[in-house]
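2 protein chains.
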Amino acid sequence: MKKHYCIQFLIIISVAVFIFAYTRYTGYSTSTPPWATTKTHRNTNLRSTSIFDTTVRNSNHHFTDTPLHPLDPLTVPEINKIRSILSTYEPFSSSFPSINTLSLDEPEKSQVLGWKTGDPLPNRRASVISFLDGKTHLLTVDLNLGAVTDDVVNVGSGYPMLTTEDMTSALQVIYSDVEFNNSIIARGVDFNDLICAPPSPGWFGPDEEGKRIIKVQCFSGQNTSNFYMRPIEGLTVTVDVDKRAIVKLTDTGRKIPVPKETNTDYRYDTQNPSSDLNPETNPMSMEQPKGPSFTIENGHIVKWANWVFHIRPDIRAGMIISQAKVRAENGEYRSVMYKGFASELFVPYMDPDQSWYFKTFMDAGEYGLGATAMSLVELNDCPRYSYYMDGVFATADGQPFIQPNMICIFERYSGDIGWRHSEIPAMGLDIRESRPKVTLVARMAASVGNYDYIFDWEFQTDGLIRIKVGLSGMLMVKATPYENVYDIANADDMTGTLVSENVIGVVHDHYISFHLDMDIDGANNSFAEVNLVKEKTLPGESPRKSYLKAKRKVAKTEDDARIKLKLYDPSEFHVFNPARRSRLGNPTGYKIVPGGNAASLLDLDDPPQIRAAFTNNQIWVTPHNKSEQWAGGLLVSQSKGENTLAVWSDRNREIENKDIVLWYTLGFHHIPCQEDFPVMPMVSSSFELKPVNFFDRNPILNAKPTFQKDLPVCFAASSS
Amino acid sequence: MKKHYCIQFLIIISVAVFIFAYTRYTGYSTSTPPWATTKTHRNTNLRSTSIFDTTVRNSNHHFTDTPLHPLDPLTVPEINKIRSILSTYEPFSSSFPSINTLSLDEPEKSQVLGWKTGDPLPNRRASVISFLDGKTHLLTVDLNLGAVTDDVVNVGSGYPMLTTEDMTSALQVIYSDVEFNNSIIARGVDFNDLICAPPSPGWFGPDEEGKRIIKVQCFSGQNTSNFYMRPIEGLTVTVDVDKRAIVKLTDTGRKIPVPKETNTDYRYDTQNPSSDLNPETNPMSMEQPKGPSFTIENGHIVKWANWVFHIRPDIRAGMIISQAKVRAENGEYRSVMYKGFASELFVPYMDPDQSWYFKTFMDAGEYGLGATAMSLVELNDCPRYSYYMDGVFATADGQPFIQPNMICIFERYSGDIGWRHSEIPAMGLDIRESRPKVTLVARMAASVGNYDYIFDWEFQTDGLIRIKVGLSGMLMVKATPYENVYDIANADDMTGTLVSENVIGVVHDHYISFHLDMDIDGANNSFAEVNLVKEKTLPGESPRKSYLKAKRKVAKTEDDARIKLKLYDPSEFHVFNPARRSRLGNPTGYKIVPGGNAASLLDLDDPPQIRAAFTNNQIWVTPHNKSEQWAGGLLVSQSKGENTLAVWSDRNREIENKDIVLWYTLGFHHIPCQEDFPVMPMVSSSFELKPVNFFDRNPILNAKPTFQKDLPVCFAASSS
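Chains as they are written, first to last, in UniProt numbering: chain A, 1 to 720; chain B, 1 to 720.
Hints may be right or wrong, so weigh each one.
The list treats identical chains as one, so a pair stands whether inside a single copy or across any two.
What the hints assert, rightly or not - Only pairs whose alpha carbons sit at most 30 Å apart, straight line, appear in this in silico DSSO-like list of lysine-lysine:
{"hint": "1", "residue 1": "260", "residue 2": "536"}
{"hint": "2", "residue 1": "135", "residue 2": "325"}
{"hint": "3", "residue 1": "553", "residue 2": "564"}
{"hint": "4", "residue 1": "468", "residue 2": "109"}
Keep in mind the hints are simulated off the structure, nothing from the lab.
Since we're looking at a predicted model, the values are computed, not measured.
Generate coordinates for the entire structure from the input sequences, incorporating the hints supplied.
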């Protein structure tokens, strides 16, 4: 096996918020801290690192990008201008601030809705979150005015995402600590193989309040790229990020061996190609000899079939879909959704141990789904004919940073059927009508440390939007002395499954909150629960004793729209426009259609559950409020959860015929199994937004069947 | 619009059980009953009708088919031999019996499991259900012995599926009834446009016991192929099939107009091609220039990637998958499932009215999912490179009948990902590994009158099997005087949604019971519920207050395995082999992973719910018993439900370390909407069978990525 990974000195990518960056040990002490290197790197190359360059399709360095739509993300020139503005901003003038996040401050919704192509853009503004001298500043930078127009110091709990500099300096602190080094020596881990990671600490009461901390845990990268499977168990170092000092070091696991590297690597060039466990299948490809049917206008407007929407990368949400509109039979583009995105991602591990209890991650707010979204792998993450979109972000010192090929957009035909009917021959009717289903997918994949989250937004010509989350990557595992279940006295007491020798895959959950600002035919909408209720027939009324009836109830306030899904008390959940009716007088709307799901069972007063209280319900509805974007709060790290969706909803505001936001919590329970080792086969779940009396009839009634003459003529490539 | 459908005299396909055959009115009285014509037709042509011939790929008439596997379906020569045996069987010798169903009587499981390629086949036997002189005979015909070896007369309730002859004779009865004809005249429906259908009556107490009945309802086919949208409301004629007499005629709807034909047709040649409601997308195709990677051996053995299984068409289940095995890392083909199929399909409509209460269909047992599975539409129902398999069935008089292209098998690449991981650049590791997901799909589509059910069995290389049911076709609608919701005094009292002028789409459910005879590494298996339970931490144990723990409980008896899914009391459900452990000592098994689902809410003592009591739970486990195949009972028509899955399960037999069968109920609630008119966009739901510690590690770890050189070179066809 080749040692690809034995790089003695780190090249660190300094995305401002990119903190879940595991780092290799770089020695007891080093005169050149890693972030110095980082800065050098940043100044000379806008690209992430050279390792990606071989696969970057789009060689645009975005030096001259211009925003063309009010929701277009900040451009490289704009980021440069923001840095310039901030460098002359009085409170920060003595030292350039550490920028934790820098992103578009969207114009007011009314401005966006009123804007038309050709109009001048509303003032371009950036939201900057900056941590300086123990305070979090929430800054607004107006690019048109060339000034900082707002500077609010946060007074509540919670810190911004840590920067790479925060993280690397914390790691430097432990690398020069004698007790830490003794612990590593005691495990027999070579310092050259040492890899440490800074998982976020959550919030568990006052002990760790008032200071920014991280909890460092380490792994052995010896003889494998998959260090995640080789944890140094029980060693946890709590570091005060700002004081650069160790708060606490616990080492409870010296008797627990570091699991072996056997069978951990997953890279293609480490596999045995002669194995026929998974035989090769013949080449297969979704082919479009005339190219895909969508266009990308002005960089971010996707037009496909009867859909048009705006899409942009976002450092925190990963991918934001805006102003999704679908064309109706009369040619009108009708509004469906103003804005949709993954707002938070909660991952609680189910182990109360000292080195595990705090693993209750909030991946969007603590790490950033965009910050951790690597370049997609062509032909494998996304099919041929995909369009790739780069992410343009900023580093901690305000430099533009490009994440190439972060989002892909592609058209899909998977052999599925849009609609069909065959008539019974006895009718004398020769009817065999069937229409193939072609859809459009926008995809990104966040690699938040060990886990990979694939986000798909799939648009169908029948008006349906399917939002799917897939999980792959590596388990977060716990080392154990046991090599076999038979050796374990009380296997039921384990907090997970033995997935390899000395390796436990710990039980955990995943919850993703989706913010869905629905605007069905306009901003003012209502939310209705259409409950299916069992009715009993009256004596003599019918030979039937019971039947179901749909009972529609419109929610007046937020309280009415906190929904726990119930298999035996089922409902449909409609967002509709009370000012618009269908031709037949039905309310025109969309329903949210849950698929497989899971609910959080943690105590409501358990600190992680308070912080992730958006998981208390599967559905919520709130009035649109620009400040209520992030279900776990704006400042999530170490927050106490005072500023979450649950808190907002508790105000019980009116939501009838208002500009409302629908929230959906998609959940997964994950009891690991051996098949998840060393890398997990994809598991996915989805939900749908589906038109309900929005169209006057089936909108794909006149879809064209596929005819033989439409199909491409293909040959195997000579080299295959 | 061209009048394709104006055929004055019917060609009726006489599949033995094909009774949901709507027929056109053929005049007050006719000296030549339709079934005479049918017989003529059958005698001269094995093919279904000439209308299909243009699209039949496979021109094999199956005259010389030979069974090569114990589970191969009956062949044309075998069916001919069975007819010959029956014609000389003493009790029937005076008149050839009416054959209601005729299908393979599977050898005992032990015989099948013991059989190896090259061995002589176990005796070939047929199960024949025949109704004669008021009695249902359950016959076994042994082809090797050339004799009827068993003839059991049914003593319980329930009748076999009706034959086309039963149905057409019942329709003739009403066509010559003066009151019926007066009702039609009163509605102003031209007799040339009259189309009548024989929906099954269910069972609703003693009034209709002791005689085979159908309830006839009619439609206007004037100016549309979609007569379903033009019901003649309130007219229901109950006919005694054997006496050929009307039992009861109710006509409550003369004031309700027959809905207009406007916008009802859905055939491509009736649509306006210039409409841009649903613009054309560029041609797109899953291309496999080297062809698909699966082979079909001996007609019914599918080999693909690491899977091998037997597949056969079945008149009742539609499609039966048998002996599914997956190859493990050591090359061993390991048993996963002995037999899997759709066992019953319950569709209760939610309207207690006289003309609606009985619409509580049991589509598999009353109509047959295979009997109603038409030829698939190439390139639209199934993609290019599909393999098509014909169904070989028998008519009521024992003649072989071919349903061409009834099942398709294809390989799928939809742009999805098998597994992936990208490493954080800060690690210095250049890791961006991703594997495309290619799967194998076996598909059929049953058109049970108005509704189309698409059944997909999808196999993944990671060992997962996904079973998906899609719903399309036409709503069953109710005519109403109202044209607009605003005109309805109490719209909440409607039993459905106004989906077009004068047309209500009535609320209904769909429940499909899947029989899954799991044989994980052998026949004897156990069922475990792995319950996720909230644990509270002890004071001082942890800063966490709560976490989840997986608690495994093995079911002892059937009672332990009657499962209602609960979002807030979640479990995994494992079938495992207690005699086999993984390398690490974990039980090796498969889990059933529910997706979206719905539960029946009808009263447990409501007659339709008693008959469809398999919907009382989402999961059941029973010991393997050859006589327990059909969740709603063997003889479903008018049955009282004494012989259902719920009754069997009530015996509470032992199921630990036994040959067990897992049953899953997949449900849909359907509140119609205007988008469902005049034909419904596909709605689907699925569940999965997923390996859990069955493989020692990720079985697709060494899957190959797609490289550019593997992709085909394609050109648009010159004519497209």
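Hints and how they fare:
{"no.": "1", "hint": "260 / 536", "in the structure": "neither (64 Å within a copy, 33 Å between copies)"}
{"no.": "2", "hint": "135 / 325", "in the structure": "neither (41 Å within a copy, 61 Å between copies)"}
{"no.": "3", "hint": "553 / 564", "in the structure": "both (16 Å within a copy, 27 Å between copies)"}
{"no.": "4", "hint": "468 / 109", "in the structure": "within (26 Å within a copy, 41 Å between copies)"}
Taken one by one, the earlier hints fail for this structure at numbers 1 and 2, listed in ascending order.
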